[in-house]
Amino acid sequence: SECANSRTPPPDLLELIMRRYERASTLLTSNRPVDDWGKLLGEPP
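Position 37 (the sequence shown) corresponds to 37 in my numbering; numbering is contiguous.
Rather than coming from a laboratory, the hints here were simulated on the basis of the structure. Wrong hints could be hidden among the right ones.
[Claimed, not checked] Below, in silico cross-link-like pairs of lysine to any residue (SDA-like), each with a Cα-Cα straight-line distance of 25 Å or less: (1) Lys-39 to Leu-28; (2) Lys-39 to Asp-12; (3) Lys-39 to Arg-19.
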């Protein structure tokens with residue numbers, strides 16, 4: 001992926017997670033604390 005070495009995820013990652021939220025399970029793994037996820041993924045609209 002072209003964003004593999006980037007410190008920020010692609011802008012559509014949060015959108016994908018939000019679309020799946022009520023329909024399917026999504027598993028995320030990270031070496032970052034949950035408190036940092038908003039800064040990394042972007043805040044929800």
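Now the hints, each set against the structure:
Taken as a hint, the Lys-39 and Leu-28 pair is honoured in the structure, with Cα atoms around 15 Å apart against an allowance of 25 Å. Using a Cα cut-off of 25 Å, the hinted pair Lys-39 and Asp-12 holds, with the two alpha carbons roughly 14 Å apart. Of the pairs offered as hints, the one joining Lys-39 and Arg-19 holds, with about 19 Å between alpha carbons and a cut-off of 25 Å not exceeded.
Of the numbered hints listed earlier, not one is contradicted by the structure.
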